[in-house]
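J.: Residue numbers (the working numbering), protein chains in the order written: chain S, 38 to 439; chain V, 4 to 292.
Be aware that a few hints might be false.
Result set (SDA-like, lysine to any residue): computed pairs, CA atoms no more than 25 Å apart in a straight line [claimed, not checked]:
{"hint": "1", "chain 1": "S", "residue 1": "Lys99", "chain 2": "V", "residue 2": "Ser65"}
{"hint": "2", "chain 1": "S", "residue 1": "Lys287", "chain 2": "V", "residue 2": "Thr156"}
{"hint": "3", "chain 1": "S", "residue 1": "Lys287", "chain 2": "V", "residue 2": "Ser65"}
{"hint": "4", "chain 1": "S", "residue 1": "Lys278", "chain 2": "V", "residue 2": "Thr156"}
{"hint": "5", "chain 1": "S", "residue 1": "Lys278", "chain 2": "V", "residue 2": "Thr49"}
{"hint": "6", "chain 1": "S", "residue 1": "Lys364", "chain 2": "S", "residue 2": "Val117"}
Restraint ranges, calculated between C-beta atoms of paired labels, are given here [as the list claims (entries may be wrong)]:
{"hint": "7", "chain 1": "V", "residue 1": "Trp55", "chain 2": "S", "residue 2": "Gly270", "range": "41 to 51 Å"}
{"hint": "8", "chain 1": "V", "residue 1": "Leu120", "chain 2": "S", "residue 2": "Val141", "range": "21 to 31 Å"}
{"hint": "9", "chain 1": "V", "residue 1": "Asn138", "chain 2": "S", "residue 2": "Asn241", "range": "29 to 39 Å"}
{"hint": "10", "chain 1": "V", "residue 1": "Ala87", "chain 2": "S", "residue 2": "Leu412", "range": "34 to 44 Å"}
{"hint": "11", "chain 1": "S", "residue 1": "Pro422", "chain 2": "V", "residue 2": "Trp55", "range": "20 to 30 Å"}
No lab work stands behind these hints, which were simulated from the structure alone.
Glycine included, every Cβ here is placed at the ideal spot set by N, Cα and C.
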Amino acid sequence: MSNSSGWDIERALDAMQASGLSRRTLMKRGGAGALSLSLVGFLAACGDDDGGGADEARVIPKGEISNRLTFANWPLYIDVDEETDERPTLEKFERRYGTRVRYVEEINDNVEFFGKVRQQYEQGNSGGRDLHVVTDWLANRMNQLGYVQRFDKEEMPNAVRNIEDAVASPDFDPEREISMPWQSGQVLLIYRRDMTGRELRSINDLFDPEFRGRVTMLTEMRDTVGSVLLGDGIEPEQATKDQALAAIEKVQRASRDGQIRRFTGNEYTRDIARGDTVALLGWSGDAVQLLADNPDIAYSPPEEGFMIFTDSMQIPVGAPNAFTAQKMIDFVYRPEIQAAITEYVNYVPPVKGAREILQERNPEVAENELIFPDLSEAHNFKSFPEEEEAEIDAAFQRAIGA
Amino acid sequence: MSILQRRRGLLPFLLLAPGLAWLLLFFAVPLYYMARQSLEEGTIFTGFEFAWNFQTYTDALSNYDEQLVRSFLYAGAATLIAFAVGFPLAYAIAFRGGKWKNALVLLVIVPFFITYLIRTLSWQTILEDSGVVVNLLQFVGLLGDDGRILATTAAVIAGITYNFLPFMILPVYASLERIDPRMLEAGYDLYGTRRAVFTRVTLPLAMPGVVAGSLLTFIPAVGDFINAELLGTPRQSMIGNVIQSRFLELTDYPTAAALSFILMALVLVVVLAWARLVGTESLMGVEAR
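All chains should be built: construct the whole structure from the sequences, respecting the hints.
T.: Take a look at the structure:
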């Protein structure tokens, strides 16, 4: 969930300041809320029909490749040819299958997107969308509510063969039948080496009184709480509700004491670039850019292990071109296609073989441990039962003052 | 009764119609939906259902009392500071501005040609930890070596004051400017001291402006969330921040709607109390005495 009070405008400002390059940094996760709330979403939310039953998702029937496809994704989350402004991956798909792809960058925030589509999905109407990309916890919810279709894995040989082990079987979808990773990212320690005077290695360094008031954490509950749990030596996959609540209390106390300056979405990039913060939790895609812009900024995957988040593709119920959407998912699991996306977006690709291709083509990207981390150190947040999760969420929101 | 007369009878209603329609469509209707929403039960994931759920109100009050109190304190402080800064300024422009009057008033407004959000973001840069302001204050010893301004209560109150200052200055200026100088002369002719003339002539005549200014500053300031968001930390978070994130980010519509109503009610109480205190004439802008 992206609860930051992240500001589209604030990010747009970043983009203006840093010109072309920071486009990748621009938003992605971190939640946009405020200024982009759509009227549709609001009206949809005003409706008061009750939630639907979670029937077993229907498997997508075999069919023909259609001539159109609508793909809803987050901004700046696919490769763009800077000269022509075209999206090469989509062009290749169009050339191969003869399908025109309508690519809509309409997702700024998981909850906001959910609010926007809920009523349509509830009626079995995808609003014309054939594919959407949401963070895994929401992918799980979508499935529980019966809003998505089940893949026919026979039609997805590349996806079956090439999916990275680390993201292949999350607890909510062990066979990846209703969600297929688009990109993953790491939650990292990012710090100003010139201001800390030493290398930071541990999540607990964020609680060091030396950095009082110059630390930020993420508004994304799973990223912050998962990291703090790791710092306390608890595996987030195994954590109990009480342990999660204790971690939240630790965060809350640090915030009350003034140790934590604030909780952010992507806005932390501005704070640390200015030197207002010296150590923080941030996302790997941003770190690539921050490092390129400022040699004093350093990062480290915490020695206790790092949280990984995954945004996944899903095919909503009522998708007019579900069979073709499935082909699109499979298409981006071709290593050469994925390599082109990775080169541009700087997140962690969920596709085996992409790295090998990049080793030839762009060794700098292939050797970048922000993009190709040691996935054996990666941790996922546990899917708690609905009520416990609501309690944890509420406690976290109170802790961050939302 | 002639047609003409009947028309004349309808005329006031015709004149009222656009305003009433506007009020109905953009105030009464949304208010109704908000009220309804505040009594709903559920979450975005299970759907919302209308349930006369008044508990949302009590929960909201007990969970967010801190932010509510803080909002009123910050808004009150900002209004006082705006008055302290704005009144002398308005006075100077009105009585000493001479031919520069209009230019000076324009200068008060000019910064507001730039959008609110961007101005507040620039304050982030001005007040940054290694910026000029902080360095200067550290140099003269007003701020400790690792002291800071950004992300403190002072920054938030200062930001609110700055952002709403013209709403204080302009009405005060308008009422000061209207004062007939002969009134002041009469005061002096009656052997009034400067102080007596100010407190017994100028100030009462300026009261409508002061009251209007304080309301125009206080009311939006209570609901403000941008300053606390950009210049503060969670420890400075105001009720506007909670409503904002409940509505737009957490999609907890009932709580957000309930908090909006609570805020509205509290603001109403404060405004009524203030009106009692200073007299309704000045509230309504009727020339005092």
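J.: Determine for every hint whether it applies to the structure shown.
T.: To see whether the hints hold, each was checked on the structure:
Between Lys99/S and Ser65/V, the direct Cα distance comes to roughly 55 Å. Violation of the 25 Å bound is thereby established for this hinted pair. Pair hint Lys287/S plus Thr156/V holds up; C-alpha atoms about 23 Å apart against a cutoff of 25 Å. Straight-line distance between C-alpha atoms of Lys287/S and Ser65/V comes to about 22 Å, which keeps the hinted pair within the 25 Å bound. The hinted pair formed by Lys278/S and Thr156/V fails the criterion: a straight-line CA distance of about 34 Å is larger than 25 Å.
For the given pair, Lys278/S sits about 21 Å from Thr49/V by alpha-carbon distance, which is consistent with the 25 Å threshold. Between Lys364/S and Val117/S the alpha-carbon distance is near 21 Å, which keeps this suggested pair within the 25 Å criterion. For the pair Trp55/V and Gly270/S, the beta carbons lie near 47 Å from each other, so the given range of 41 to 51 Å is met. Evaluation of the 21 to 31 Å hint for Leu120/V and Val141/S yields a pass: the beta carbon distance comes to about 26 Å.
In this structure the hint that Asn138/V and Asn241/S lie 29 to 39 Å apart at CB holds, the actual value being about 32 Å. Taking the beta carbon of each, Ala87/V and Leu412/S are about 60 Å apart, not inside 34 to 44 Å as hinted. Here the CB-CB span from Pro422/S to Trp55/V is close to 28 Å, well matched to the stated 20 to 30 Å.
In terms of the numbered hints stated before, the structure departs from hints 1, 4 and 10, listed from lowest to highest.
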